[in-house]
Amino acid sequence: MSDRHDRAHLYRVAALFAVGLLLFFVARTFFIPKDFGVYGHYRAGALDDARARPIAYAGQAACVECHSDVGDLRKTSSHAHVSCETCHGPLAKHASGDDPAKPVRPDGRTTCTRCHLKSPSKPAAFPQIALHEHADEGPCIACHTPHAPKL
Amino acid sequence: MHRVPHAARAEAVGDAVTETGRREFLLQTGRLLILSGAASAAWDAVVAGEPSRSPNYAVSEHWWAMVIDVEKCIGCGSCVRACKAENNVPLEPYYFRTWVERYIVDPEDPEHPIVDSPNGAYDGFPERSVKRANIKTFFVPKLCNHCSHSPCTQVCPVGATFESPDGVVLIDKERCLGCRYCVQACPYGCRFIDPRTSTADKCTLCYHRLTKGLLPACVEVCPVGARQIGNLKDPNDPMHEYLRTHKVQVLKPQMATGAKNYYNGLDGSVR
Numbered sequence: 001m002s003d004r005h006d007r008a009h010l011y012r013v014a015a016l017f018a019v020g021l022l023l024f025f026v027a028r029t030f031f032i033p034k035d036f037g038v039y040g041h042y043r044a045g046a047l048d049d050a051r052a053r054p055i056a057y058a059g060q061a062a063c064v065e066c067h068s069d070v071g072d073l074r075k076t077s078s079h080a081h082v083s084c085e086t087c088h089g090p091l092a093k094h095a096s097g098d099d100p101a102k103p104v105r106p107d108g109r110t111t112c113t114r115c116h117l118k119s120p121s122k123p124a125a126f127p128q129i130a131l132h133e134h135a136d137e138g139p140c141i142a143c144h145t146p147h148a149p150k151l
Numbered sequence: 001m002h003r004v005p006h007a008a009r010a011e012a013v014g015d016a017v018t019e020t021g022r023r024e025f026l027l028q029t030g031r032l033l034i035l036s037g038a039a040s041a042a043w044d045a046v047v048a049g050e051p052s053r054s055p056n057y058a059v060s061e062h063w064w065a066m067v068i069d070v071e072k073c074i075g076c077g078s079c080v081r082a083c084k085a086e087n088n089v090p091l092e093p094y095y096f097r098t099w100v101e102r103y104i105v106d107p108e109d110p111e112h113p114i115v116d117s118p119n120g121a122y123d124g125f126p127e128r129s130v131k132r133a134n135i136k137t138f139f140v141p142k143l144c145n146h147c148s149h150s151p152c153t154q155v156c157p158v159g160a161t162f163e164s165p166d167g168v169v170l171i172d173k174e175r176c177l178g179c180r181y182c183v184q185a186c187p188y189g190c191r192f193i194d195p196r197t198s199t200a201d202k203c204t205l206c207y208h209r210l211t212k213g214l215l216p217a218c219v220e221v222c223p224v225g226a227r228q229i230g231n232l233k234d235p236n237d238p239m240h241e242y243l244r245t246h247k248v249q250v251l252k253p254q255m256a257t258g259a260k261n262y263y264n265g266l267d268g269s270v271r
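Sequence lines, in order, name chains U and R. For the first sequence, the working numbering begins at 1 and goes up steadily by one. For the second sequence, the working numbering begins at 1 and goes up steadily by one.
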C-alpha cells in the first residue's frame, strides 16, 4: 500500500514534467521562425531582407550606357577613375527612368575643394590647391573642365 | 565518459540485466534523436524555400573582403556621403556606417595620436594647419571589418546578427531587440542604434548591391581607389595578387576577430 503511494507522487511529477516539455516544444514552433538555423543560429530570410533594399547609386556602367560622350571624354583624363556619381550624387532613379527631373548640377567650387583643398594629411602626390593663394572666390569650373581637367 | 563509473557501479551490485536494457534504450533513443534531428533540418530547408532569390548570385561562391589603401585616401568624405545616401543612415552626427579619421602623430610618440573626424568627414575635413614640421598626418577610413570570428555576433541573445555564408556580418531587423549588447561588443565601434527603429545598425557591405553585381556605394564613389572589394573565393580575383604583393594589416589583430578589412600602409599608431 505504502509502496503504491510512493510511486504515485513520482508519476504526478513525471506527468507534470511531460506536459511541461510538450508545452515547451509546442511554444517553440510558434516563436522560432521556420527558416531559423538553415545556415546557422539566425533566420535565413534575413539574407533576403538585406538583399531587398533598393539601390541609390546606379553605378558607373549604367551612367556611360547613355552618357557615352562624357564617358569617352573622361577616358584619357586624370579623372578617368572617378565615378560619375562621386560628384553628381546618387542617381539610380534617374538611370532607371523613375525620376523624370533633371539631376542638379554639382556646385562648381565645393565639389572640387572637397578633394583638392590643400591638406598636409593628403598624399603629397595628390594635386592640391591652397585656396587663399590660388583663387579666393568664383567657381573652379570657370577655368577648369571637370570631365577632362587639363589646367 | 561519465557513463563508465555508472556501469561499473551497476556491475558491482550484480544488476547486469537492467544495465544492458538501459544501454540499449540509450542507443535506440540516441539514434532516434539523431535521425529526427537530421530530418527536421532537411525539412526546415525545404519549407524555407530557395535561399537565394537572385538567380545569378550563389551565396556559397563568395567570401567578401575589402582592401583599404591608407596611402591613397584624401579624406574627401565621398564614401561617408554615399553610404548615408545609399543606406538611408540618419544624417545627424554620430550615426555612421563608415567614417574617416584624421590622424596627427608625433613620430616620437606614436602611442598618443591626435585623432579627429568632424561629422565623420561627411563634409570632408576643414583646413587645419600643422604647427610642427616633423609631424606625421594621414586619413584612415573606418567601417565594419566583417570579422569572420566577430565578437558582436557572439553576444547577440536572439540570433539577430550573424556572419552570412558569404562573409558579411548582417543584422536581422525583425529579430533585433535593440539591447545594445553588440554595440558594446564591437571592438571597432562600428555599430549604433538607429533612433527610428531602436534596432542595431551597421555596414552591410552594401549587401543589396553586391548581390546585384554592383560595387558597395563607398567603393563606387571613392575617387582615388582607396577602397577595393574582392571575392576571396574567386581564384581570379585581383585581390589575391594585391594581398600577396602588399604589406597589409588588419585593425586590432590582437583581438583575434578575423577582420577582413585589409589596410595597406597602416601606421602603428592607428587604433
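Keep in mind the hints are simulated off the structure, nothing from the lab. Using N, Cα and C, we set each Cβ at its ideal position, and we do this for glycine too. Accuracy of the hints is not assured; some may be wrong.
Reference listing, derived: stretches of chain R covered by chain U, where coverage requires no fewer than 3 residues with Cβ under 8 Å from a Cβ of chain U [claimed, not checked]:
(1) 76–87
(2) 108–116
(3) 172–179
(4) 237–243
(5) 254–266
Sample of chain R residues facing chain U (criterion: CB under 8 Å; computed from the structure) [said to hold, decoys possible]:
(6) Ala58
(7) His62
(8) Glu101
(9) Val105
(10) Gly124
(11) Phe125
(12) Glu127
(13) Lys131
(14) Arg132
(15) Phe162
(16) Pro165
(17) Ile193
(18) Thr197
Away from chain R, derived, C-beta distances all over 12 Å, residues of chain U [to be verified]:
(19) Val13
(20) Leu16
(21) Phe17
(22) Val19
(23) Asp49
(24) Ala58
(25) Cys66
(26) His67
(27) Asp69
(28) Glu85
(29) Arg105
(30) Ala135
(31) Glu137
(32) Gly138
Original post:
Among the hints numbered above, which are violated by the structure, and what are their numbers in rising order?
Top reply: As far as the earlier hints go, 2, 4, 5, 6, 7, 8, 9, 13, 14, 17, 18, 23, 24, 28 are violated by this structure, in ascending order.
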